[in-house]
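Participant: Here's the letter readout for the chains.
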Amino acid sequence: MIKNRKSIKTNKNIVPKKTGPTNQPTSIHSDLQKNISLFKTLYSYPTNADFKVRDIFIPSLQKQAALVYIDTITDTVLLERGIIHSLSTQNREDATVQDLLTTQSISTEMNVEKITTGINNGSVALFIEESDHGYILQIPKFEGRQVDKAENETTVKGPQEAFNEIAATNISLIRKRIKNEHLIAESITVSKRAENKVSIVYVNNLVNEQLLEDVRSRISSIDTDAIHTLSQLEQYIEDRSLTLFPTMLYTERPDRAAMLLEDGHIVLVMDNSPDCLILPATFWTFFHSPEDSYLRFTSGNFTRLIRILALFITLFFSAIYIAITNFHVEMIPPDLLLAIASTRDKVPLPAFLELILMEVAFELIREAGLRAPTPIAPMASIVGALIIGQSAVQANIISPIVVIIVALSGLCSFIIGDISMNIAIRITRFLCIFAAGLFGLFGLTAIVVAEITYIVSLKSFGTPYFAPLTPKILPTGTYFRTFLQKDIFRPGYLKTKDITKR
Amino acid sequence: MFKQSLHHYSKHLWIIFVLILLTGCWDQQEISKQAYVVAIGMDKYEKNPNKIKVSYLIANPDVGQASTGGGGQSEPPAVVMSFPANDITTAKDIANMEVAKPISYDMLKIIIVSEEFARDENFVKWLYDTTKEPEIKMDIRMLVVPEGAAAFLNRNKPILETRPHEYYELILRHGDVTGLVPPTDDLLTFFRIAEAGEDMFLAIYGTTTESDEKHTDFNVKAGELPIQAKVKDRPSYAGAAAFFQGKMVDIYTAEEARLVILMNNTYADTTMLDTVNDPFNKDNKLAVQIHRNGITNTKMDFHKGKPRIKVKVPINVQIVNHSMHNISYSASKRHTLKRSIEQEFQERFQKFIDKTKEETKAQPFGWSLAARKAFATIPAYEAFRFNKQYPDMEVSVTVEVILGQDGRQNKTPTMQDLRDKK
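Chains as they are written, first to last, in my numbering: chain A, 1 to 502; chain B, 1 to 422.
Capping the alpha-carbon separation at 30 Å, the derived lysine-lysine pairs in DSSO-like fashion look like this: (1) B:Lys-11 with A:Lys-459; (2) A:Lys-346 with B:Lys-101; (3) B:Lys-355 with B:Lys-373; (4) A:Lys-197 with A:Lys-497; (5) B:Lys-285 with B:Lys-351; (6) B:Lys-357 with B:Lys-373; (7) B:Lys-312 with B:Lys-351; (8) B:Lys-33 with A:Lys-346; (9) B:Lys-101 with B:Lys-125.
Far from chain A, some chain B residues (derived; all Cβ distances over 12 Å): (10) Val-99; (11) Met-324; (12) Arg-339.
It is worth saying that the hints were derived from the structure and are not from the lab. All C-beta atoms in this analysis are idealised placements derived from N, C-alpha and C, irrespective of residue type, glycine included.
Excised from the complex, chain B in its bound form (with noise of 0.2 Å):
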């Protein structure tokens, strides 16, 4: 009895045996038998335009751990290294004529695009490649440098920070709360607005060089903001590249890239400072901290006379800094600065969007969703042909300021009272 059920068992284990076999295509990787590469460059290809130039940021796992077993503190935290390719794909392998372990991507956080790569006609094409790689993860980030991927790698040293890994992530990370740069757009976006072609994406924009034009407050690009530290190529990341079409087009400010995040409902709310002019002294600015209350209201009336776009942008206002007016002690002192912000912003809204119709004409504003609900069918919106009308189109744009809570506020005196007691 026991031997025949045994018997019987054994038949199993056999198939089982056979199906471990079978599996053939085995994708175990020892985690320390690999090079993880964290950032990859690319370049165009000066020699051949059928190529690019791959740039890899490989970590090495030893800086930084302190623990028994690890060690080689005096080994570098990274190694930048740059080889024409035909795909990055294919760049593994090439990359693998020097590094010992095979290359992975699953760490894989960031990728650089130089900015003459990016306006070429070309680059969609490279970075489809991406999604044919299964290692990458289609949530990884998309930034745009002037002066070329590879030489920014090379020349990046972040100030803190000595583990590369841990940079980007940081320095994505606070990126997205601060609001000066794009949050939350990845690749999948990317392909995704570059397919629909009708809005704008946004990509981080970022340098290690200064620029000469110099600039105060959120109206800059990265490199403009005159920081001053002793150490040479430090990188600054503000403003936005905008893409149409999966070309680049454009570069955006910090300002602007915020005022794309305040507007567009795809992006999620995020809260950021600011700076207004102060109502009741002209040479000075109030601090504040905003961010979209709910959602952007977009009407589209395209049936009547000239196409016009009504934008209802309602904006939560926090004071920070009050400037010694007491603004939360008066209702009319409110009602003024109100008003006032709402007239800035709108103000802001208005000079932007006649800028995107002048220079690119097309909106990075997520507009297109909002504009096929003013028709009964998809062909009949393809029939209207949303970018073609964009420029001539009215789009007018009205700000509602909520104020914040302020909550219990200490009072300051006047400048007045101060005085008169000295």
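One chain only, chain A, in its complex shape (with noise of 0.2 Å):
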């Protein structure tokens, strides 16, 4: 088996990635039965179901045609009313195809595999006999969704739409925002096989060109059959691999895409995902909410010290309390120290391994309502919040003190939307819980050091990860938002071509 599995390895080195006709005539016969067939036997007819032929007779041009789709992926309404019924119910003389027809969009193609690429994309090929070319139709009609409501970044006020994992509806939700001749949505084919395209979207006077190759360059030199998400191509394109933090922003809403584009940041949009990834992305990106400069400014800066407050309540509570309750006691006020040590008295575990037990059950109850099917997602939280909440408090296994700082820690973590940051301020969060567990205040201070550290160590497409906070870049936007009239700058480390926003 292994072996084998090495010798397909090899094979797919030797042979030619695309699929196209390799021993098949690279245009088309002037010949219709001959394209026909040709056809046919590229795509397997008739083992393939959805893969249509169908002759017709054109009365003005007086010839036999036919015309070859694949019907799960083309509109059938438009297919009969705009090209069957046009070609053969129309009798008039001297007309040409383009005149006969009317759908939106015809060109006339040679080359097989081209129109092979044409009929993949959802487009009608039309021959005809006696003609050395075919004509492609465009009347794709792929299914999926409507533009939905944001289900992942809820706001209150503002707009409620998200991206859904159509391209081209992505891009207009996106054009509806910013009705610009500069906003530039340039594609790119990404994976061989599969034929995946990404839209590259940008404003392009404002984006920095030297960006803007940076992103064109890592795309292009990807070499693989299949991307089929932009979450798959964020791991192709970003900077390192290894690292915790996302170095992209991964957000569903249009909002949030079109206000960063002004900013000069670029956005890559692609079919399948309901979703756009904004780079270079700062760590204040996902800090940030939409709703920030919804909100009035008083509104949107309270909500964002809340914010801050949650970031240090997840990422230190659980670590501070192992750290003074095993190290520094006396930093303990009498009461909460006796109220401490009374509660502690009968649980059996030490103190680090009673919390490591909590935050571990805190986040399977988390994973098990996240991956459990939505019908029996809300017993896992019952269940859970039993568990946790009462049994194992009078059980004597946990201190109720250790319910709070797990729940209200876990609680915080729920604060940061993105669900990579999100992650990487949880697994930050044990890393400082053992820290503290293991040299108390020390080891946690340590900790930090290192994590800052690494935190301005990292870049975004160029962009440090810190940045505007460090290295100093003004204007800076990062613990509070200033008055809508005064944000007159575009982010300093976009190096965008227009600097000013007026």
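Since each chain sits alone in its own frame, please combine them into the complex, following the hints.
Facilitator: In structure tokens, the structure reads:
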């Protein structure tokens, strides 16, 4: 078996990746029947059930013709009304094919490979007797969702719509927000076999050319058969694969994308991804929410303050508890000290193990709630709440104060919305807990210094990860936001062509 | 490539792992696996002068906790144990002969010393042991009791508080606010003053015994106020134990302690309630709220003739009880009252200063610091020998009373008005 696999692997390198007709003619024939049989063999007709060939007679031209298409990805209503009906019922002399058809996009093509690509993308190929070129009529209809409400990044105030899995819709949602001829949606094919396309969206009189070139070269240097989603693409083009922290913002909100496009960022859009990738991203991008700027100045900054607080609670609360109760007892006020000592008295586990047990239980419940099918998910949380909240305390396995600490820091971790950043913070929290459990506050301090050094060393497409806080690059939109009227500069670290917003 | 980097990292991981092994001195202590000493008592040990009698007040964490997982309501809130020991550090291990958990001084609030022990020449030597014990914080307070520390701890049944740590915390905090006991004087200050050897340190004075000598007003020491309550052995705290050069030399009443607080700039500005003579009615007293207004101005004149100290104490006075005089409405009444209070406080100060000159031959006002300013160099100051000269110095105190703003007061009728209507 293993040998076989290896041979397949080596074969792959020898055989050209393109599935094109290697021993087939590269351009089509003037004989209709030969063309039809060529495409029938290409598409393994009749095994391939949704591949269709429709013969048709065109009275205006007095010629036999054939329509070749895949009926699951073409708009059959348009096919019937705009193509079959127009071609077979009209009888005008001196009319060309273009005159007869009412479809919005028609192109002529001789290359078999290109015609195949057209058919694969939902077009209908029209071959006419005694003609050495085919016509590609674009009437694709891929099934997908409607534009839905944002589910992962919800806001109370502000637009509710979110991206869906159709790239065209997503770009349309962005264009709805930026009605400008300088908004460019450039398309690049990233994979060899599945031919997935990525749209690089940017505002061409803002974006930093060097950054754009970097993105283009990273995408075009990908050598793989298939990349179906942006989340996979992210892993191909990110700066460091091993890093804890995400270096690209993955958002489902078109308003966020548009806002950042206007700042000079680059947005990647792809079919099958209900999100977009925004780059470069700094630490603060993950920390901010579009609602910050929808809310009024005071309210927006209050929510940011809450978010900072939550970040610190989720990172350090459990760790500080462990450090203080194990190493620095003298720091606790006497009442609290005795309260902790009293409830800890009957717990058989050491404080560190007790906390780790609860943290792991919390992570398990969270994961179970996430993965369980929707009808079962509420049960997972009820059982979890019972185990953690009630029974563990009553059975003297866990002290109540640990429940409070784990619940609070767990709750606060949900406030960081981005899933990659959320996981990064959770991993960091465990590092902090271990450091505090081993060396108390000294260990905690050491790990914080190490973490900050690490974060500062990161880069996202050439942008320092902690910018604009460090290195200090004005304007500094980090902890708090400024008044919209005073927010006149684009982020300095993006080096945009136009620096001011007015 | 990836393998190489992993190999590279694994080296670092090994170094970190070795570091963990090297740490060795693990001072990790489970919070619930320790016995917390709230108060330490220190007495003379009669049988052996090289030992002291150490008393521990150990808090029981289980009492007063109404949470799930806690419990043990029938247990006593605290345990007192006394035993002879060489010093308070080894005392920890001696106590462990009876106490199951290791003794911790992390929660130590107060050191209680018997008066007899405090007056001992070697007292300061024993107290210096506290500086070598890392768990004892230098901001803990010192209480001097006449009946002996062990007796005090055993008899001390506070009226309303069950949990001992809470009791000591509250009583210390409130003592600071009322000025009945010297505020904010901790161990660190004790050592600093003892080492300088020129000023006096005031510790809290308290007792559980009732003195036969009964007084009213604030001119009392602990145990002298005739409070009647059904509970026996109530602790009371009033006045101060004065230490000079690390040895207790005198006991001050609450009023004397307050005079020190008013005059000595190193004490925080404390607002206290007091009574002063009523200038309009000889038999009556007026209730006032006083606090030092800014800082006391001390001028030393050592170079011409007899050494003189001139002190100007600014005091802010707020009349609490007008005693139907309607003082706020009359400028002349205000003036009379002001003069009267100034006079009274000057007399109080003068009396107290004379007492310090005669009895202890040292002063608790922190004047040695101000005296240094009168000399160009420290050797010149040392040659002057401030302490030797103090009893012969001429000290004049002027009190500057600033009447506080009363705001709008409701007018009270005069006594005559009331009687006439009848």
